[in-house]
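**Q** Those protein sequences? They're chains A and B, same order as listed.
Sequential numbering of the first sequence, starting at 1, is according to our numbering.
Sequential numbering of the second sequence, starting at 1001, is according to our numbering.
Note that these hints are calculated values from the structure, not bench results.
A quick note: this is a predicted structure, and the numbers were derived from the prediction, not measured.
The reader is advised that the hints may include incorrect statements.
[Said to hold, decoys possible] The calculated lysine-lysine pairs, modelled on DSS-like cross-linking and capped at a C-alpha distance of 27 Å, are:
no., chain 1, residue 1, chain 2, residue 2
1, A, LYS267, A, LYS253
2, B, LYS1100, A, LYS101
3, A, LYS267, B, LYS1070
4, A, LYS101, B, LYS1080
5, B, LYS1080, B, LYS1070
6, B, LYS1316, B, LYS1246
7, B, LYS1090, B, LYS1100
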Amino acid sequence: MTRAGHHRLCGSDVHRRAFLGAAAAGAAALVGDVTGIRILSQPALASELRRNDRRCILLWLAGGASQLETWDPKPGRPTGGPFLDIGTSVPGVRISELMPKMAANLHRHTAIIRSLNTGNGDHGGGSELMMRGRGREGGLAYPDLGAMLARELGQADSQVPDYVSFYSETEGRNFSRLSAGFLGSRYNPIELTDKMALPDVERLESIGELDHRERADLRALWSKRFARGRDVSAVSSHNVAYERVRGLMASDKLFDISTESQATRDKYGPTQFGEQALIARRLVEAGVPFVRVARAWWDSHGQNFETHQELTPELDHVMNALLDDLAERGMLENTLVVTLAEFGRTPNINASLGRDHFARAWSSTLSGCGVKAGSVYGRTDDDGQHVADGEIGAGELFATIFQALGIDHEKEYHVGARPIPLVNPGIVPVEEVLA
Amino acid sequence: MAIPTNIKHVRTINRPGITLCIAREGESERVFTGSSDAKVYALDMAQEKPEAVAYEGHASYVTGVAVAGKHIVSGGYDRKLIWRETDGGKLVRTVDAHEKWIRAVVASPDGSLIASVADDMVCKLWNAESGDLIRELRGHEQLTPHHFPSMLFTCAFSRDGKYLATADKPGHVVVWDVASGEQAAAFDSPEHYTWDPRQRRHSIGGVRSLAFSPDGERLAVGGIAKIGNVDHLDGKALVHSFDWRKAERTFALEHPRHKGLVNELRYTADGEGLLAAGGSGGGFFFWLDAKENKPLGDEDAKMHVHGVACGEGFAKVYAAGHNGVAVWEMTA
Chain A
1 MTRAGHHRLC GSDVHRRAFL GAAAAGAAAL VGDVTGIRIL SQPALASELR RNDRRCILLW
61 LAGGASQLET WDPKPGRPTG GPFLDIGTSV PGVRISELMP KMAANLHRHT AIIRSLNTGN
121 GDHGGGSELM MRGRGREGGL AYPDLGAMLA RELGQADSQV PDYVSFYSET EGRNFSRLSA
181 GFLGSRYNPI ELTDKMALPD VERLESIGEL DHRERADLRA LWSKRFARGR DVSAVSSHNV
241 AYERVRGLMA SDKLFDISTE SQATRDKYGP TQFGEQALIA RRLVEAGVPF VRVARAWWDS
301 HGQNFETHQE LTPELDHVMN ALLDDLAERG MLENTLVVTL AEFGRTPNIN ASLGRDHFAR
361 AWSSTLSGCG VKAGSVYGRT DDDGQHVADG EIGAGELFAT IFQALGIDHE KEYHVGARPI
421 PLVNPGIVPV EEVLA
Chain B
1001 MAIPTNIKHV RTINRPGITL CIAREGESER VFTGSSDAKV YALDMAQEKP EAVAYEGHAS
1061 YVTGVAVAGK HIVSGGYDRK LIWRETDGGK LVRTVDAHEK WIRAVVASPD GSLIASVADD
1121 MVCKLWNAES GDLIRELRGH EQLTPHHFPS MLFTCAFSRD GKYLATADKP GHVVVWDVAS
1181 GEQAAAFDSP EHYTWDPRQR RHSIGGVRSL AFSPDGERLA VGGIAKIGNV DHLDGKALVH
1241 SFDWRKAERT FALEHPRHKG LVNELRYTAD GEGLLAAGGS GGGFFFWLDA KENKPLGDED
1301 AKMHVHGVAC GEGFAKVYAA GHNGVAVWEM TA
């Protein structure tokens, strides 16, 4: 997909349709939700946001990357491990020597948050928490980050998916329990595991392209006649759903990186993580509001340093390539790239020269859209055992992500009569990392 | 000689941090250790409470230490080699030796040469006295078969000093002719390397120890067997032996009781027995009948053993480990 193609999909003519379509989407939620959960949107705000064409790519470091071997090194301390730190392009800010490319470009796009205390060191619980911004509460099924951003940034009549998640490794794949929760299945992710392509979108061989198109035209004709003189939102929703199917069937080309130049493919590298990051760029370029690229598995209970010698340079390379590519295409000012995991790793080094689960003082990064590049928020103590300054939890991080994308974090959904804010009440964004 | 398979713990000197390597000064009870606190320590283990005399100079983990003549030579993840006098610890020289982490430092049997191996995948031979670089030995790939940076973990001289073996993460082993710098043999021992392409998509393992038999004909290769869950060192301790000139494996043993990395291998003087030491969360020693390919005595070490120093008789074995330095006695 070329930049011109992006404009065709996301340009100004789309915004008017997006505004009109939003009503249909809201109506679809009302009608289509058999549980009786009612969702009220705020069309004015949503329309404002959609004009911005904002997107988000989440690099999910599944299993828990070590903050000490990435963004918050402690060289020379008993807990520091063997890696040195290196200076970055931001004076006074040092990161692990395993990340020379990000170090050289830190000032351009990226903010580091070093003070997450999220309190859940369990893979399942931590993943759910860090994909939702809050823990479980009673029987209420909170939507995950991708679903909320699909809801807030997506276009009702979009021809491309709203939420795509890559997770090719098998370990930990289901820990996050990705789900749109009370937002309804409209915002559930398309989860790609074995193949880097949309599943089940191929046209049946027994139906020719012309036949397929004529069937769609006939269906549209009948729907149009049926709707004439009727004010039934369900009909609109029905038509939108069919249009989306056609769009999804056509969007399989977005997953084919063979159409990219060799130079671009080389930039991302030959790894699966790199190729998926390249696809993520193609998807957001085409208008997909949220893509998660999971790289598993960082759970280095044994041989932590050898594991990070493999995985951290790969992250450094792929993340840097992705940010560069987005910036060169003029997309980074509208695309937020987040690195996150379910938790970090213990400062203490165990007898297997490993690090274990640790949610008390760890790191995340935000790059691009809405971010104050080169900023560092929060501080851990000398050994990385505790947050010394600027402690935040998952909710604050989510509020910051929403704010960076121009979404009011105090916005409320409604489940029945109950208002549900995007993040829990009283939580505020980290203004220090926001542009 | 009978194989000293009775293994008895004598005492442990607790040390802070991780003691990663150890070398002994001749047949004395004076040992030098390398530590995760970037220091080399001298300890007189004959004392009831040995004082640890610290030598600074490295900037990261000290992973190799060797005694050659009047010098102690240490290497670390800071890529430096540091020469000191064994008597008093006076600094002799510091050399920026490698481009990446130094994984091991060994002295030739006659003490004239120092060999260092590092993750730049180069083995370097140094004049132990002058510190001059004699030659670089390049025969290991920079990347693993799966595009990740490889690691050159270990090296060992033959008893006559004519050959030097080096081994890396994917299990490639090279035997070098020390005099010419030519490859005398090369073969692979891939069972020491686990690549998980599906569940976790990274690797673990690698060849961590090498030992020539006293007659120089066999080369023992130590590490960890294939691992199902690469989050942990959850594979059996693995020892292979090769007729290295023919590149033929002559035996393979996955220890039935002990899991983890085999970090050290030592033959008895007659080549009949082979001592292995290493660990994962805990540690182990075990003996092998090197001719019959079968395990003999073994013992839990209560600490992951990263390094061993001992004489040919194994009367006293000094072990560097996660919690300090331990003394073991091994008798027939």
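**Q** Against each hint, give a clear statement of whether it holds in the structure.
**A** The hints, checked one at a time:
1. A:LYS267 x A:LYS253: Cα-Cα ~20 Å, so holds.
2. B:LYS1100 x A:LYS101: 17 Å, holds
3. A:LYS267 x B:LYS1070: 51 Å, violated
4. A:LYS101 x B:LYS1080: 24 Å, holds
5. B:LYS1080 x B:LYS1070: The hint holds at about 19 Å.
6. B:LYS1316 x B:LYS1246: Outside the cut-off at roughly 35 Å; violated.
7. B:LYS1090 x B:LYS1100: 26 Å, holds
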